[in-house]
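So the protein lines, in turn, are chains A and B.
Just so we're aligned: 488 in my numbering is position 485 of the first sequence, and the numbers increase by one with no gaps anywhere.
Just so we're aligned: 788 in my numbering is position 11 of the second sequence, and the numbers increase by one with no gaps anywhere.
Be aware that a few hints might be false.
Partial selection, computed: residues in chain B whose CB lies under 10 Å from chain A [said to hold, decoys possible]:
#1 Arg805
#2 Asp806
#3 His862
#4 Cys879
Covered, in the sense of this in silico footprint (three residues per stretch, anywhere, with C-beta under 8 Å from a C-beta of chain B), are these stretches of chain A [stated by the list, open to error]:
#5 63-73
#6 435-441
#7 701-711
Keep in mind the hints are simulated off the structure, nothing from the lab.
Remember, it's a predicted structure, so these values are computed and weren't measured experimentally.
We put the CB at the ideal spot given by N, CA and C, even for glycine.
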Amino acid sequence: MKRRHLLLGAAAAGGALIVGWSILPVRSRLGSGELLPLSNGEVALNGWIRIEPDGGVALAMNRSEMGQGVHTALSMLVAEELSLPLGRVSLVQAGPEKLYGNVAALVGNLPVHPRDAQPGRETATVRLGRWMVSKLARELGINLTGGSTTVVDAWMPLRLAAATARAQLVGAASLRWRLPATEIEVVDGVVRHPSGPKAHFGELAAAAAGTSVSNVALKPRGDWTLIGRAAPRVDVAAKSNGSAVFGIDVRPDGLLFAAVRMCPMLGGAPGAIANEDEVLRRPGVLRLVRLPPADGSTAGIAVVAHSTWHARSAVEALQVQWQAPPNGTVDSAQILRALEASAREAHEHGGGFAFHERGDARAALRDARVIEATYRAPYLAHATLEPMNCTARVKDGRVEVWAPTQVPGMARAAAARALGLRESDVTVHVTLLGGGFGRRLEVDYVAQAATVAAQTGGRPVQIVWSREEDFTHDFYRPAGVAVLRAALGSDGTPRAWTCTSAGDAISPRWLERGLPALAGPVDAPDKTTAEGLFDLPYDIAAQRIAHVATRHAVPVGFWRSVGHSHNAFFSECFMDELAHAAGADPVAYRLSLLHDAPRYAAVLKLAAQKSGWNSPPPAGRARGVALHESFGSVVAQVLECSIDAGVPRVHRVVVAIDCGTVVNPGIVAQQMESGVIFGLGAALGAGIDIVGSEVQQKNFPDYPLLRLANTPVIETHIVPSTLEPTGVGEPATPPAAPALANALFALTGRRLRELPLRLA
Amino acid sequence: MDLSINGQRMPLPEDLSDPAMPLLWVLRDLLNLTGTKFGCGVAACGACTVRLDGQAVRSCVTPLSAAMGKSVQTIEGLGTPEAPHALQKAWEQHQVPQCGYCQSGMLMAAAALLARTPKPTDAQIDAAMTNLCRCGTYPRVRAAIHTAAASMSAPARG
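With the rest of the complex left out, here is chain A (with noise of 0.2 Å):
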């Protein structure tokens, strides 16, 4: 398959993804007012705002919140088109319709290079790749909060909306007041004419809903208030003081909690108990539920109680014959033999699917100075801090779910299939994420709540895994194995670049579990396999980038960055090692392949700038520099270490990035803190290990992590941009391991080539 057919194939098959507002009718989002939920004296001017009888505005928000600050930043977005204070605009959830689906998500996952879409001067294949997938993804109108796009799909359609909102509010003060609307202004929150007459948004909004508005025009850049400062977050207060709201924390009257127990073994089951009965007899203890394998779970056993402590323990006390999964286990280490045999076979003989294919590469490595390399990275587990969880009532045919979920259409979607109930039958109200990563971008604890929660007489319950069930029933970062090839010129810069990686593909086994619709009976190439490693920016005319997907007995998820996650090693330590082969400095040598890439250089430029590159590190520490573009963005960074008692110790890390358009600049850089020490926690930390399908690392202190004592210092530092928006919450993940590694090497002479980073 080419890749232009693949382009044009993933948007027929709903595969993918983004942008392109300008040329759809805007209208078409801003959709219908009865879509709200409405109490007394409120109004609601369309699908996104409604006007409180205070004159407050509520928001309908279509994301999940998790840490990465999409509750602070929609809303800013709305208060600034409405000239209103961001204090007071609050949230209701929206509802299920196809209105608050996700199109930037779809569109962001074509497979498309960065030269054939640059700003303004895209290819027509890739404007038109994008047109079908978002008119496809309007009609899907999945909601999915991930692939960093809540503010890239919400820039335009909110802002409309407010400005909508905004106009009509106007206009209905014209029509009261008999004062031209091009006179009146709306001024933290009131509408007022400088010859007196003023009101709140309450006192307009019936007024208001009557009014057409046509030309509506979006405040000017210069005229921005709000959009580009570090505003508070809205969520801060909550967080502080115990009282926000994770699913972990409802309470409706009468609930139950109950616990589960999977089989350890991955896809196996439970089957004969020895002492069932002996454990429903223990006090607080009301009853077992078998839990079929849903949604990608393996198999397993809940049991309620009246507290999630009597719950576990009496499901933890079940003497339990565990049944192997059908088809036999499989060990992790095997695995990744089998993907470097698998990697190394495709790229001897020009296998695997071409994402990238420019010149002859392989003719290119034919008498040149070849050097080679095989990376290596293990699957990785979410370890979101607030485990799995969801609490569900079903009663009287009607189904009510609480769920920390990135995706609420999905989770309704579980909870009819798990009953064989109608999706309108389930309500789901969606509760604060203690973290998501791409884990709750899954609905296996959903299945399971729905399911138990049939068996309670109408009662609610709340299920809890522990964090050993947690641990060993992720859907995990794939494992991945890439055998790198590069030809030298006699000046030291690459002539080829080949790379054949190999690994399970995620999205059609995401697709199988939670939209089967969409699941075709034949795998298309995943572009999340390969991102980070086929879209290089590097001007090297000949390149062969390929990818053999595969596909082995364990779940595999999306996890923060996906693809980039691990790409982003193999590729930046790899040209690493061909400037270190070149003999030239690591950031100089790059530059000179980004000649044709102004963005990127851009980037690089500044964090080695701010970094203080060209001066030497302090004594007993070296820098090391990565360069990488995920979900639109543009990330460098350069860090800094040294080795403390054989372990290697991370000082300082200068994030430069290129997102577009920042909303809000607080929340940009604690979105690079938090990416480059999850990079970080990976990179130093532990793989998952799989032996004999059980996965090894059962709790935090087999899975380390970073911690305070040894977080570094991170300084961030924005590239002025006007062009959209574009991704924040993941960048900043991918560079932290191959700055790290790159820092290993200049430190001690030593190539590391496979994740976790191991000195000994």
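Chain B: place on chain A using the hints.
Only chain B this time, still in chain A's reference frame:
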């Protein structure tokens, strides 16, 4: 049977109050004080940190029996909306929380630290703040603790 929590006597349901039950689940499931979080169950992450007679403890491994007769402070008792604790003000100033799930435990650990060590050094903060945060709020936690320490010792506060 009752327990002293945040300065109040709270009665416990007799039939469910097993002395071996971890304080975490007594707080969350019997008393609906959900500000204290469950993270690991093995005292490894600190999300469940509360104060027992002023000392930071991991409530997931602290049996109810160990809390009887002592004074329990949870995040709900750290400050009030009208009079937030200096740490809560510093948390706002430094915009510490992201997902927020670990923050109750972070704040309780920090409160215990400042009660014992009013002006902690970086090394003392490193040693006391072993709580896990998956969002990476650590640099801001450190900065906010220093800010709170400074504000609590400022002369203006008397």
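Quiz item: Hint check: is the beta carbon of B:Arg805 less than 10 Å from a beta carbon of chain A?
Solution: Holds - the Cβ of B:Arg805 comes within 10 Å of chain A, reaching about 7 Å at its closest.
Practice problem: Classify the hint on B:His862 as holds or violated, based on whether any CB of chain A lies nearer than 10 Å to its CB. | Solution: With a closest approach of 9 Å, the B:His862 hint holds.
Exercise. Confirm or reject the coverage of the segment 435-441 of chain A by chain B under the rule of 3 or more residues with a beta carbon closer than 8 Å to the chain's beta carbons.
Key: Holds, because 6 residues of the segment 435-441 of chain A bring their Cβ atoms closer than 8 Å to Cβ atoms of chain B.
Self-check item: Coverage criterion applied to the segment 701-711 of chain A (partner chain B; beta-carbon cut 8 Å; 3 residues)
Solution: holds (count 7)
Practice problem: Have a go at the B:Cys879 hint: is there a Cβ in chain A nearer than 10 Å to its own Cβ? | Solution: Since the shortest Cβ distance to chain A is 5 Å, the answer is holds.
Quiz item: At a threshold of 10 Å, is the proposed contact between B:Asp806 and chain A supported by beta-carbon distances?
Solution: This hint holds: B:Asp806 lies near chain A, its Cβ roughly 4 Å from the closest one there, short of 10 Å.
Exercise. Examine the segment 63-73 of chain A: at least three residues should have C-beta closer than 8 Å to a C-beta of chain B.
Key: holds (count 5)
Checked against the numbered hints above, the structure breaks none of them.
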